[in-house]
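Undergrad: Residue strings, one per chain:
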Amino acid sequence: MTTQSASDRSLLVSFGEEISLETHRQVARLTRLLLGERGILNLHPAFCSVLIDFDPRLRTHDNVEALVRERLAAADDAEAARPRTIEIPVSYGGEAGPDLDDVARHCGLSSRRVVELFSAAEYEVYFVGFSTCFPYLGGLPPELATPRLASPRRHVPEGSVAIGGSQAGVYPLASPGGWRLIGRTARRLFDPQTEPPGLLRMGDRVRFVPVREERP
Amino acid sequence: MSGIRVLAPGLQTTVQDLGRFHFAHHGVSASGAADALALRAANLLVGNAENAAALEMTLSGATLRFEERSVVALTGSDFGAGLPLWEAIEIAAGETVACGATRSGARCYLAVRGGIEVALVMGSASVHVMTGVGGRPLRKGDMLAIGQAAVRRARRVPAADVPVAGAAPLRVTAGPQADWFGDELYRSLYTVSEESNRMGLRLRGTAITAAHAGHMLTEGVPLGAIQAPPDGQPIILFVEHQTTGGYPKPANVISADFWRLGQLRPRDEVRFELVPLDRALELLQAQERWLYGLL
Numbered sequence: 001m002t003t004q005s006a007s008d009r010s011l012l013v014s015f016g017e018e019i020s021l022e023t024h025r026q027v028a029r030l031t032r033l034l035l036g037e038r039g040i041l042n043l044h045p046a047f048c049s050v051l052i053d054f055d056p057r058l059r060t061h062d063n064v065e066a067l068v069r070e071r072l073a074a075a076d077d078a079e080a081a082r083p084r085t086i087e088i089p090v091s092y093g094g095e096a097g098p099d100l101d102d103v104a105r106h107c108g109l110s111s112r113r114v115v116e117l118f119s120a121a122e123y124e125v126y127f128v129g130f131s132t133c134f135p136y137l138g139g140l141p142p143e144l145a146t147p148r149l150a151s152p153r154r155h156v157p158e159g160s161v162a163i164g165g166s167q168a169g170v171y172p173l174a175s176p177g178g179w180r181l182i183g184r185t186a187r188r189l190f191d192p193q194t195e196p197p198g199l200l201r202m203g204d205r206v207r208f209v210p211v212r213e214e215r216p
Numbered sequence: 217m218s219g220i221r222v223l224a225p226g227l228q229t230t231v232q233d234l235g236r237f238h239f240a241h242h243g244v245s246a247s248g249a250a251d252a253l254a255l256r257a258a259n260l261l262v263g264n265a266e267n268a269a270a271l272e273m274t275l276s277g278a279t280l281r282f283e284e285r286s287v288v289a290l291t292g293s294d295f296g297a298g299l300p301l302w303e304a305i306e307i308a309a310g311e312t313v314a315c316g317a318t319r320s321g322a323r324c325y326l327a328v329r330g331g332i333e334v335a336l337v338m339g340s341a342s343v344h345v346m347t348g349v350g351g352r353p354l355r356k357g358d359m360l361a362i363g364q365a366a367v368r369r370a371r372r373v374p375a376a377d378v379p380v381a382g383a384a385p386l387r388v389t390a391g392p393q394a395d396w397f398g399d400e401l402y403r404s405l406y407t408v409s410e411e412s413n414r415m416g417l418r419l420r421g422t423a424i425t426a427a428h429a430g431h432m433l434t435e436g437v438p439l440g441a442i443q444a445p446p447d448g449q450p451i452i453l454f455v456e457h458q459t460t461g462g463y464p465k466p467a468n469v470i471s472a473d474f475w476r477l478g479q480l481r482p483r484d485e486v487r488f489e490l491v492p493l494d495r496a497l498e499l500l501q502a503q504e505r506w507l508y509g510l511l
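Chains F and A are the protein sequences, given in the same order.
For what it's worth, this note's numbering labels the leading residue of the first sequence as 1, then goes sequentially.
For what it's worth, this note's numbering labels the leading residue of the second sequence as 217, then goes sequentially.
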C-alpha cells in the first residue's frame, strides 16, 4: 500500500497497479472501513486505489494515513456482506444496441454468440464512479473486449448496456459516452429518492438476462 | 402571500448549499456553491447556519419579488442590483431585487434570513445542474419558500476586508502525477474557455504534456484537480466534477483559492503558482478566521 497527497484536502491510497479481483477486494474493504468516519467527506474507490476527501479543519494527511493503517491492521469485524446478485434484463441489438453488430464483427463472432457470451458471464461491480451511479464491471469474457468509439456519442440513452475495452458497464443516465452500446435495460440504476441512490454497489455480482423478444 | 417570486430567472440561477457529501462511491460528486466562501459569508451575515440554502446566480442575475419582509445579503460579484454587497439588508414586503449582468466576476449569491426552503435530496439542497439531482435552475414564476435556518441575529455592520480575486496567480499544490510534467503550467498564461461550466473549467494556452508518462489507471479525482488530457489543454475539475478520471494531474488548486474558481468567467486569464502543502493550509486557516470573524 502506498499513499500520497492528491490535494490539500485529499489522500490517495493505492494498492498496486494491477486490475484484479484481489486488488478490488482490498479497495472495497478500505472503502467499507472508512465509511462514516468523522471528518471524512467522500471516498472515491477505483480499480486499484481509494481517494479520501477529508475536512482539513478536522484532519490532516498524516492523521488520515494513520487512520487508514490502523483500520487496515485491525481485524475486519464488519466483514463484507454476502454479495448480492442483481439481474439486469436487457434488450439486445437493434435500436437498443446499435453497436452489437460492430462488436460481433470486431470479435469475429455472430451477434447471437456475443449475446450468449455476454449474458452467460457473471460480473462484479469493481467500483461505481466517473458519473452518477455508473458501475465499472469486471468479468467481461476476454473474447468480447472491443475498443471504445474513436469519437464519443453526444447522447447515449439511459439504461444503455455497453462494452468499453475490457470493461462492461451500464449508463444510469442519458449522457455523452464512447462505449459500444449492445443493448438497453428498463431497470433503473439511479433513483435519488432511494438510499443508497444506486441499484448497483461495489462488490455486487451482476447478470444480464436477455429479454425474450415477442414473436408474432 | 409569503416567500420569494421569481420574476426573471437570469442566465443560470440555482439553489445551492455546501454540497452533497458521502456519495462519491456512488459516482455522485459534492456539487454545492461554486464560490462556497461567498455563500457561507452571505449566510453568516443574515444570521443563518453557514450551510443554509441560498441562491447562486451566474453571469447575469435574477429579478426577485419578496412577498414578505426579509433580511438578505448579496455576496460574491457585483451584479448591479443597486444594493450594498457583503452586508445584511432589510427588504420590505412587496419589494423587488433586480440583479443584472455582472460587473466583476462570474457569480453573485443571495442569502435570505431563514434560508431557502427546499426538500433535501441525499442530504443536500444543492442543484447538480448536469444531472438534475436536487432540482433544476430557476424559471420565471417559480415560488421559493423561506425556511427556519436562522440561528443568531443578523450582523449589524458590513463585512470588512472582503475577498477580492485580482490578477494574482491561482495557487496549487503538486498533483499525484506532478513528476511526469515539466514547468509549462507555471510559465504560461491561460485563458478560460467558453466551454467551462460547473463540471470543469477548460483552459486554453501552452499545452502541458507529460515528459515521461507512466502507466495511468482511472483513479479518484478531487475538487480543483488540474487534468492534462492528450491535447495538453488543462481542465480544472469543478464542483460537479466526475468522481474518477484517467488523465494525469500535475497539480491541484488549493482550498483557499476554490472560491476564485467560482468567480472565473470565460475569457478571464489565469496563471498558476506552486506552493507547499503547509502554506496551502496556512492560507486556508487565515481564510476561515476571516469568515468566522463575521459571526
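Hints in this document: simulated from the structure, not taken from any laboratory.
Careful, some of the hints might be misleading.
[Said to hold, decoys possible] Not everything, but these chain A residues come out facing chain F in the computed CB check (under 10 Å):
1) 267
2) 320
3) 334
4) 346
5) 350
6) 422
7) 472
8) 490
9) 501
[Unchecked claim] Ranges of calculated distance between the beta carbons of each label pair, as one might list FRET restraints:
10) A:218 / F:150: 41 to 49 Å
11) A:316 / F:141: 43 to 51 Å
12) A:432 / F:102: 25 to 33 Å
13) A:462 / F:117: 40 to 48 Å
14) F:150 / A:413: 39 to 47 Å
C-beta atoms are modelled at their ideal positions from N, C-alpha and C, and glycine is treated no differently.
Undergrad: Hint by hint, say whether it matches the structure.
TA: Hints and how they fare:
Contact between residue 267 of chain A and chain F, as hinted, is not supported at the beta carbon level, the nearest pair being about 13 Å apart and thus beyond 10 Å. Restraint check, residue 320 of chain A versus chain F: the minimum CB separation of about 26 Å is more than 10 Å; hint violated. Here the hint on residue 334 of chain A is broken, as its CB sits about 13 Å from the closest CB of chain F, past 10 Å. Checking residue 346 of chain A against chain F by beta carbon gives a least distance of about 9 Å; that is within 10 Å, so the hint holds.
Hint on residue 350 of chain A holds. Least Cβ distance to chain F is approximately 8 Å, under the 10 Å limit. Below 10 Å, beta-carbon pairs count as interface contacts, and residue 422 of chain A has none with chain F, the closest being about 23 Å; its hint is therefore violated. For residue 472 of chain A, the shortest C-beta to C-beta distance to chain F is roughly 8 Å, which falls under 10 Å, so the interface hint holds. Annotation: interface hint on residue 490 of chain A violated; nearest CB of chain F at approximately 12 Å, more than 10 Å.
Nearest Cβ of chain F to the Cβ of residue 501 of chain A: about 9 Å, under the 10 Å cut. The hint holds. A beta carbon spacing of about 56 Å between residue 218 of chain A and residue 150 of chain F contradicts the range 41 to 49 Å that was offered as a hint. Between residue 316 of chain A and residue 141 of chain F the Cβ separation comes to about 59 Å, which falls outside the hinted range of 43 to 51 Å. For the pair residue 432 of chain A and residue 102 of chain F, the supplied restraint of 25 to 33 Å holds, since their beta-carbon distance comes to about 27 Å.
Checked against the hint of 40 to 48 Å, the pair residue 462 of chain A and residue 117 of chain F fails, with Cβ atoms roughly 26 Å apart. Checked against the given bound of 39 to 47 Å, the beta carbons of residue 150 of chain F and residue 413 of chain A, roughly 25 Å apart, lie outside it.
Figure legend: structure checked against the earlier numbered hints; hints not met, in rising order: 1, 2, 3, 6, 8, 10, 11, 13, 14.
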